[in-house]
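Asks: Sequence:
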Amino acid sequence: MPRYDLKKYYLGSICCRGHNWNSTGHSLRRLSDSDCLDCKPTTQEKQITWKQLPGNRYRAAIDVRFLTESGGTKKHNVKPVPYEDGLPKDWYEVRFDEEYVVEKLRNDVVKPLKTLGYNRFQQLLSKAWQAEK
1 MPRYDLKKYY
11 LGSICCRGHN
21 WNSTGHSLRR
31 LSDSDCLDCK
41 PTTQEKQITW
51 KQLPGNRYRA
61 AIDVRFLTES
71 GGTKKHNVKP
81 VPYEDGLPKD
91 WYEVRFDEEY
101 VVEKLRNDVV
111 KPLKTLGYNR
121 FQQLLSKAWQ
131 AEK
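Our numbering applies: residue 1 is where the sequence shown begins, and numbers increase by one.
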């Protein structure tokens, strides 16, 4: 039977959802609030990531479990949070994985400019990069 930290958890009565920890006839519960671990995930599992969409003037915490396949969100799962310094921000830090960025650039930049040819595209990209500095 797997071990658990006796200082944080205990085996209590089976929860209302019937979670049975390792067929013991009990639910594994937290000492701090008596909640079942299977019903209420740990803080680390519930961690919310910050995502931002361009043009979105409202800062929102979006749980990655609620992102749709198309990359959008289900509106009722977006939670408003307080602004920094009391002022709304237009952009927020976004951390995308490499695969997403490559696909986004391919669809939004490369496909529309493909008719220019590779060398001309590279020249324009270089100019845009230099202008950003």
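One thing to keep in mind: the hints can contain errors.
[To be verified] Okay, the calculated beta carbon distance ranges per label pair:
(1) Asn107 - Gly25: 34 to 40 angstroms
(2) Asp5 - Cys39: 50 to 56 angstroms
(3) Gly25 - Val101: 48 to 54 angstroms
(4) Asp35 - Thr115: 55 to 61 angstroms
(5) Val101 - Ser23: 41 to 47 angstroms
(6) Asp35 - Ala128: 39 to 45 angstroms
(7) Arg30 - Trp129: 49 to 55 angstroms
(8) Asn107 - Glu132: 18 to 24 angstroms
(9) Glu103 - Ala128: 16 to 22 angstroms
(10) Ser32 - Lys114: 53 to 59 angstroms
(11) Val102 - Asp5: 58 to 64 angstroms
[Stated by the list, open to error] Straight line, CA to CA, 25 angstroms or less: simulated BS3-like cross-link-like pairs of lysine-lysine:
(12) Lys127 - Lys114
(13) Lys127 - Lys104
(14) Lys127 - Lys111
(15) Lys104 - Lys114
Hint data in this document are derived by calculation from the structure and do not stem from the laboratory. Each residue gets a CB set at the ideal place from its N, CA and C atoms; glycine is no exception.
Asks: Taking the hints in turn, state whether each one holds.
Replies: Evaluated hints:
Asn107 and Gly25 have their C-beta atoms about 54 angstroms apart, which leaves the hinted 34 to 40 angstroms range violated. Evaluation of the 50 to 56 angstroms hint for Asp5 and Cys39 yields a failure: the beta carbon distance comes to about 18 angstroms. The supplied range of 48 to 54 angstroms is met by Gly25 and Val101, whose beta-carbon atoms lie about 49 angstroms from each other. At about 59 angstroms, the CB distance of Asp35 to Thr115 agrees with the hint of 55 to 61 angstroms.
At about 45 angstroms, the CB distance of Val101 to Ser23 agrees with the hint of 41 to 47 angstroms. At roughly 52 angstroms, the beta-carbon separation of Asp35 and Ala128 lies outside the given 39 to 45 angstroms, and the hint is violated. Checked against the hint of 49 to 55 angstroms, the pair Arg30 and Trp129 passes, with Cβ atoms roughly 51 angstroms apart. With their beta carbons about 21 angstroms apart, Asn107 and Glu132 fall inside the hinted range of 18 to 24 angstroms.
Take Glu103 and Ala128: their Cβ atoms lie about 20 angstroms apart, and the range 16 to 22 angstroms holds. Take Ser32 and Lys114: their Cβ atoms lie about 58 angstroms apart, and the range 53 to 59 angstroms holds. A C-beta distance of roughly 42 angstroms is found between Val102 and Asp5, which places it outside the suggested range of 58 to 64 angstroms. Of the pairs offered as hints, the one joining Lys127 and Lys114 holds, with about 17 angstroms between alpha carbons and a cut-off of 25 angstroms not exceeded.
Distance restraint check for Lys127 and Lys104: the Cα-Cα separation of roughly 20 angstroms lies within the 25 angstroms cut-off, and the hinted pair is therefore satisfied. With a CA separation close to 19 angstroms, the supplied pair Lys127 and Lys111 stays within the 25 angstroms bound. Of the pairs offered as hints, the one joining Lys104 and Lys114 holds, with about 15 angstroms between alpha carbons and a cut-off of 25 angstroms not exceeded.
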